[in-house]
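Please model the entire structure based on the sequences and the hints provided.
Number of protein chains: 2
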Amino acid sequence: MTNMKIAIDAMGGDHAPKEIVLGVMKAAAQFKDVEYILYGDEAQINEYLTDKTRITIVHTDEKIESDDEPVRAVKRKKKASMVLAAQAVKNNEADACISAGNTGALMSTGLFIIGRIKGIDRPALAPTLPTITGKGFVLLDAGANAEAKPEHLLQFGLMGSVYAEKVRKIENPRVGLLNIGTEETKGNELTKTAFQYMKNQNAYNFIGNVEARDLLMDVADIVVADGFTGNMVLKTVEGTASSVMSMLKMSLNNGIKNKLAASFLRKDLYGLRAKMDYSEYGGACLFGIQAPVVKAHGATNAKGIFTTIRQVRDMVEKQIVETIKAEIHKIDVGGIKNND
Amino acid sequence: MTNMKIAIDAMGGDHAPKEIVLGVMKAAAQFKDVEYILYGDEAQINEYLTDKTRITIVHTDEKIESDDEPVRAVKRKKKASMVLAAQAVKNNEADACISAGNTGALMSTGLFIIGRIKGIDRPALAPTLPTITGKGFVLLDAGANAEAKPEHLLQFGLMGSVYAEKVRKIENPRVGLLNIGTEETKGNELTKTAFQYMKNQNAYNFIGNVEARDLLMDVADIVVADGFTGNMVLKTVEGTASSVMSMLKMSLNNGIKNKLAASFLRKDLYGLRAKMDYSEYGGACLFGIQAPVVKAHGATNAKGIFTTIRQVRDMVEKQIVETIKAEIHKIDVGGIKNND
Numbered sequence: 001m002t003n004m005k006i007a008i009d010a011m012g013g014d015h016a017p018k019e020i021v022l023g024v025m026k027a028a029a030q031f032k033d034v035e036y037i038l039y040g041d042e043a044q045i046n047e048y049l050t051d052k053t054r055i056t057i058v059h060t061d062e063k064i065e066s067d068d069e070p071v072r073a074v075k076r077k078k079k080a081s082m083v084l085a086a087q088a089v090k091n092n093e094a095d096a097c098i099s100a101g102n103t104g105a106l107m108s109t110g111l112f113i114i115g116r117i118k119g120i121d122r123p124a125l126a127p128t129l130p131t132i133t134g135k136g137f138v139l140l141d142a143g144a145n146a147e148a149k150p151e152h153l154l155q156f157g158l159m160g161s162v163y164a165e166k167v168r169k170i171e172n173p174r175v176g177l178l179n180i181g182t183e184e185t186k187g188n189e190l191t192k193t194a195f196q197y198m199k200n201q202n203a204y205n206f207i208g209n210v211e212a213r214d215l216l217m218d219v220a221d222i223v224v225a226d227g228f229t230g231n232m233v234l235k236t237v238e239g240t241a242s243s244v245m246s247m248l249k250m251s252l253n254n255g256i257k258n259k260l261a262a263s264f265l266r267k268d269l270y271g272l273r274a275k276m277d278y279s280e281y282g283g284a285c286l287f288g289i290q291a292p293v294v295k296a297h298g299a300t301n302a303k304g305i306f307t308t309i310r311q312v313r314d315m316v317e318k319q320i321v322e323t324i325k326a327e328i329h330k331i332d333v334g335g336i337k338n339n340d
Numbered sequence: 001m002t003n004m005k006i007a008i009d010a011m012g013g014d015h016a017p018k019e020i021v022l023g024v025m026k027a028a029a030q031f032k033d034v035e036y037i038l039y040g041d042e043a044q045i046n047e048y049l050t051d052k053t054r055i056t057i058v059h060t061d062e063k064i065e066s067d068d069e070p071v072r073a074v075k076r077k078k079k080a081s082m083v084l085a086a087q088a089v090k091n092n093e094a095d096a097c098i099s100a101g102n103t104g105a106l107m108s109t110g111l112f113i114i115g116r117i118k119g120i121d122r123p124a125l126a127p128t129l130p131t132i133t134g135k136g137f138v139l140l141d142a143g144a145n146a147e148a149k150p151e152h153l154l155q156f157g158l159m160g161s162v163y164a165e166k167v168r169k170i171e172n173p174r175v176g177l178l179n180i181g182t183e184e185t186k187g188n189e190l191t192k193t194a195f196q197y198m199k200n201q202n203a204y205n206f207i208g209n210v211e212a213r214d215l216l217m218d219v220a221d222i223v224v225a226d227g228f229t230g231n232m233v234l235k236t237v238e239g240t241a242s243s244v245m246s247m248l249k250m251s252l253n254n255g256i257k258n259k260l261a262a263s264f265l266r267k268d269l270y271g272l273r274a275k276m277d278y279s280e281y282g283g284a285c286l287f288g289i290q291a292p293v294v295k296a297h298g299a300t301n302a303k304g305i306f307t308t309i310r311q312v313r314d315m316v317e318k319q320i321v322e323t324i325k326a327e328i329h330k331i332d333v334g335g336i337k338n339n340d
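Quick note, the sequences are listed as chains Z and F, same order.
Numbering of the first sequence is given in the UniProt record's numbering, commencing with residue 1 and proceeding in unit increments.
Numbering of the second sequence is given in the UniProt record's numbering, commencing with residue 1 and proceeding in unit increments.
Worth double-checking, as some hints may not be accurate.
As the list claims (entries may be wrong) - Derived coverage of chain F by chain Z (criterion: at least 3 residues anywhere in the stretch with Cβ under 8 Å from a Cβ of chain Z; other residues may be distant):
hint, region
1, 134–147
2, 210–217
3, 264–275
Claimed, not checked - Here are a few chain F residues that face chain Z, going by a calculated C-beta distance under 10 Å:
hint, residue
4, Leu22
5, Gly181
6, Met232
7, Leu248
8, Lys257
Worth flagging that the hints you see were computed from the coordinates, not collected in a lab.
Beta carbons: idealized from backbone N, C-alpha and C, even for Gly.
Rendered as structure tokens:
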């Protein structure tokens, strides 16, 4: 007997529908308590389906492209695979949805179709990034909103903390505020006010400011930032890691001697790359929505989809959304209006 | 005959005064057109002085510590080596000043003692960061101010461009605006407005938005950001590069086989580290001040001080401050008030 349904946009991502469907096959073989609903081109999906147990296909010709303007695409393409998946969640036909497609469009479908949690003013996009210890940390907001107010950051802390505790199984997770110094008085108006709000709440373990320099050193389990800064930092980590790896590769290919020496190291160097590959931690959660909505990486393969399904299954089972709702009152630190 | 005087805080930095003085010795041997004025403890400075040609020592017992509160320290420690160096510039006894000490204090001495260029509303801290091509790029503001307005970013573009052209010898340097997407409509209110201002000026070659992911890929010669974001990105680059290198080091020490293979690669791997070491490009300039003020890295050695002196000598010779003053009118894009 299944106890949950996950709606999956089979057409989103660079390698859709193939890798999406193969990922679902892998998950279906392992998680037998889940029913999978795939949205997309039935004929194309069927090409890769090797087993239809607990799998439903909902056919549609329409899909949102990666370069579509998000808000407009969601409004106009009412039959797009991503839109139908979100609609299923809205109609209680599914408990959560996943897409590897257009990030902006997925945020729009989440916000406009499924809707916000009451008391959370802004959704936040939350990927899990690698640390050198292999533990990883949740970064939010990584770009759902370009502007933020201090109360939004206060709310992000709660959502990240609930997720880290329930899904990542970290006891009393450490919530840090990303800032340009560790002292309480550092930062811009946004971070200075957010610091005070976060210090005075009773819902989570706020450990103060954390610096960007220490991000990969396991300095916090949740790192809170406005979406502009979070997106910037996320892309800087990705870009720098990738640039350093490119330079390393150039060095290793520099002459016969280096190539030979490198051949002995290849396995470990691949391990290094894998450690920096945060798709291992699943997709980026869109927190603040009435149901789990998760964005798998656009370039994801079957393994990434499998990991994302496992993550979403955990989110449903551990009642992340319900817990966030139940805890919201604890961040009311006086003088802050939570809208709605 | 000398044609310029450089005031040097001999007491600032982790390895002062030793490495500062040794760096000056190295520079004095090469740049015979410069007179060097060293501020600090005369006895300690003399320990490392091997030649006094074109060198003056101005003795003082006082110095600003790295953990002093910047603004207060500058006001109270009126005889601090850093303050005296700035005072010399103010009194036309020196053409420029250098310190490897407290960054905040150096910004305060620059701003309050030497003073701002008319038409530049905010100073900006501008380090040169590495790229995988070895060319590097100027990032500003890397943290002189936590808040910025669009007109400040417009001005930063001019200052960075003049420096890149005259000192870094890059023809028609590309000025990019750091943003969370390349499209004109992306970003927060600050970057959206700054984009329009920068697009409409006639002083420099604005190439549009650049993304943090591409920073080390030689995507622009000057990258403009508000000080909060710039500082964040700078520290993220440093932290990520250093974390990846640590992981690499762990891999290379993992067992006899790896250690042996790594020993063949050691030279190239050191080269990789050197490529990421941006002290090679000199110190971080504090632009917008009436004279060149440059912050050498706190952990700098003699070579770093030498590089910084070479850089400052270039800035004086190429009349960076005078050129910025002469070009300011060209960024007047209508409707923007340049204060003063």
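Do the hints match the structure? See the list:
no., hint, verdict
1, 134–147, "holds (count 3)"
2, 210–217, "holds (count 7)"
3, 264–275, "holds (count 7)"
4, Leu22, "violated (28 Å)"
5, Gly181, "holds (9 Å)"
6, Met232, "holds (5 Å)"
7, Leu248, "holds (6 Å)"
8, Lys257, "holds (6 Å)"
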